[in-house]
Amino acid sequence: MTLTSAPPTPPRPKRRVGDRIFAGSASGSGILILLVLAGVAIFLIGEAWPAITAAAADLPGGQTLTAYIGPLVFGTLIAAVIALLVATPLAVAIALYITYYAPRRLATAMGYVIDLLAAIPSVVYGFWGIAALAPALVPLYGWLAENLGFIPLFAGPASATGRTMLTIGLVLAVMILPIISAISREVFSQAPALHREAALALGATRWEMIRMAVLPYGKSGVIGGAMLGLGRALGETMAVAIVLSGSGGITFNLISSSNPSTIAANIALQFPESTGLAVNTLIASGLALFAITMAVNMLARWIVNRRADFSGAN
Amino acid sequence: MAKRIDVSDLDIYYGNFKAVEGVNISIEPRSITALIGPSGCGKSTFLRSLNRMHEVIPGARVEGKVVIDGQDLYSADIDPVDVRRQIGMVFQRPNPFPTMSIYDNVIAGVRLNSTRMKKSEMDDLVEKSLRGANLWTEVKDRLNRPGSGLSGGQQQRLCIARAIAVEPEVLLMDEPCSALDPISTLAIEDLMTELKDRFTIVIVTHNMQQAARVSESTGFFNLAGVGQPGRLVEFNPTEKIFSNPDEQATEDYITGRFG
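As given, the protein sequences belong to chains B and G, one line each in that order. Residues 1 to 314 (the numbering used here) make up the first sequence, in order. Residues 1 to 259 (the numbering used here) make up the second sequence, in order.
Read the hints as simulated data drawn from the structure, not as lab findings. Note that the Cβ used here is the ideal one computed from N, Cα and C, for glycine as well. Watch out, some of these pointers could steer you wrong.
Unchecked claim - Heads up, incomplete: computed chain G residues facing chain B, CB under 10 angstroms, no partners named:
| # | residue |
| --- | --- |
| 1 | Tyr13 |
| 2 | Pro58 |
| 3 | Ala60 |
| 4 | Arg93 |
| 5 | Thr99 |
| 6 | Arg111 |
| 7 | Ser120 |
| 8 | Met122 |
| 9 | Trp136 |
| 10 | Ala212 |
Unchecked claim - Simulated restraints, written as ranges between beta carbons of each label pair:
| # | chain 1 | residue 1 | chain 2 | residue 2 | range |
| --- | --- | --- | --- | --- | --- |
| 11 | G | Arg198 | B | Pro89 | 41 to 47 angstroms |
| 12 | G | Ser8 | B | Gln190 | 36 to 42 angstroms |
| 13 | G | Phe17 | B | Thr108 | 20 to 26 angstroms |
| 14 | G | Gly22 | B | Val113 | 44 to 50 angstroms |
| 15 | G | Pro29 | B | Ser189 | 37 to 43 angstroms |
| 16 | G | Ser39 | B | Arg15 | 42 to 48 angstroms |
What the hints assert, rightly or not - Stretches of chain G that chain B covers, calculated by requiring three or more beta carbons in the stretch to come under 8 angstroms of a beta carbon on chain B:
| # | region |
| --- | --- |
| 17 | 45–57 |
| 18 | 153–166 |
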């Protein structure tokens, strides 16, 4: 060590131009998305405010805001939950079949077909739902009401048109199937060979190998895919507006002709004819949808993180 | 428990490609047999054919016989799943199941095989297997933590504990120390020496000192040339292989004049 007269200033790390441009554009994009989100939230709250503060008598239907939005929130959630309950197990099974059971050629072809489902416009799903699926389900609903009517879900009386909550739940299930199965397929196919071989070498059958090494690895991906699907189901507008005859209030009866509508479909159907405070009311319901979607996403994040220690990422 | 393995005229194919040709070898019970040779010479493929793990790769097949205690592993009525339950394997990179705790990792194989066990029996088995793998004292206070939180050497010993928990007849080890530091390597080698009283052990290694230290017999695999199948060039007691091998190719490889 030699002594120098002046203590050396700590050398400033050299910042290269490329680094600065990249860091700047990356943080810019990050900030932008936050601004957009904040902008949407501010707009929704601002526009919903008159409806939130207005007297019940001035609102459409002459009822309080909660009484107006409540059934819509309920309808939105129940349609989405039906869709998720039907689609997730099916999507996981399809993904497992494609990744671990199907012969390679068939698997590729099936993958394409499933992805094609995602490319069908929602209005086409709506037409399919009302023209094909709903009439086809009418006899089933009759049977359900007759034989399983003691379960509140199938209390009936069965809808004569088939345009029920259960129908739209099934249509939504088909719509969200591709996104869930595509993401599940992706994560299942990336399950490390290391762990799959570990299971096989212990004498696991193929299904046991999948249970030990593939499903635990893919779990958070499947949950993520399901949440994306749920987001789509919650926000789906066109298909619901076409298929569901939404006129009723809160009910768990899934097969009758009186069903709550969903937020998105209600906005689409009512908006063209609304003015003044009615528009603010619709926007307030939109705010509710925004809050639900955010809550769902945070819940999904929490589920995924809960057992982060065991995720294999460490 | 430990069984003798007789391999005769074994050819191993991946699709149309013949990877290994004409292996004849007799592996003694309760001993350690080392397989050495340059990369790509088929020794890992051969090792994996001993518990039919090579069949994981589509198109892989064998011709010839692998007989363990009078039973041909490749006869038509044998299920590869049953073979693997009797012949355990430890891999090159430690691979405990990341989503399972240390405890669950150890009994993963037992859970597959059986028959419900009482909690106390499982506890005993976990302790016995972890003691058998010289890991018990290090992990006994954190059996419910994920196995992936252990060091590499500990993870590899956990994998050995998992393999021996099912009391296999044979233990196959595919370069079990190549991802480990010298101290962890020594721990695993000591462990192998203890385990050979109970199991027949076959180990593939690139480390010739390791082969010389732990094994009774050594097989040297080599390629006849690029694109040619690998062959078992020489199989002899380890002492002879490392002092006075029969084949010139073996001596060249061991003394480093080749490959």
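Hint-by-hint comparison with the structure:
{"no.": "1", "hint": "Tyr13", "in the structure": "violated, 19 angstroms"}
{"no.": "2", "hint": "Pro58", "in the structure": "holds, 8 angstroms"}
{"no.": "3", "hint": "Ala60", "in the structure": "violated, 13 angstroms"}
{"no.": "4", "hint": "Arg93", "in the structure": "holds, 6 angstroms"}
{"no.": "5", "hint": "Thr99", "in the structure": "holds, 3 angstroms"}
{"no.": "6", "hint": "Arg111", "in the structure": "holds, 9 angstroms"}
{"no.": "7", "hint": "Ser120", "in the structure": "violated, 23 angstroms"}
{"no.": "8", "hint": "Met122", "in the structure": "violated, 16 angstroms"}
{"no.": "9", "hint": "Trp136", "in the structure": "violated, 20 angstroms"}
{"no.": "10", "hint": "Ala212", "in the structure": "violated, 27 angstroms"}
{"no.": "11", "hint": "Arg198(G) - Pro89(B): 41 to 47 angstroms", "in the structure": "holds, 44 angstroms"}
{"no.": "12", "hint": "Ser8(G) - Gln190(B): 36 to 42 angstroms", "in the structure": "holds, 40 angstroms"}
{"no.": "13", "hint": "Phe17(G) - Thr108(B): 20 to 26 angstroms", "in the structure": "holds, 24 angstroms"}
{"no.": "14", "hint": "Gly22(G) - Val113(B): 44 to 50 angstroms", "in the structure": "holds, 47 angstroms"}
{"no.": "15", "hint": "Pro29(G) - Ser189(B): 37 to 43 angstroms", "in the structure": "holds, 41 angstroms"}
{"no.": "16", "hint": "Ser39(G) - Arg15(B): 42 to 48 angstroms", "in the structure": "holds, 44 angstroms"}
{"no.": "17", "hint": "45–57", "in the structure": "holds (count 3)"}
{"no.": "18", "hint": "153–166", "in the structure": "holds (count 4)"}
Checked against the numbered hints above, the structure violates hints 1, 3, 7, 8, 9, 10; every other hint is satisfied.
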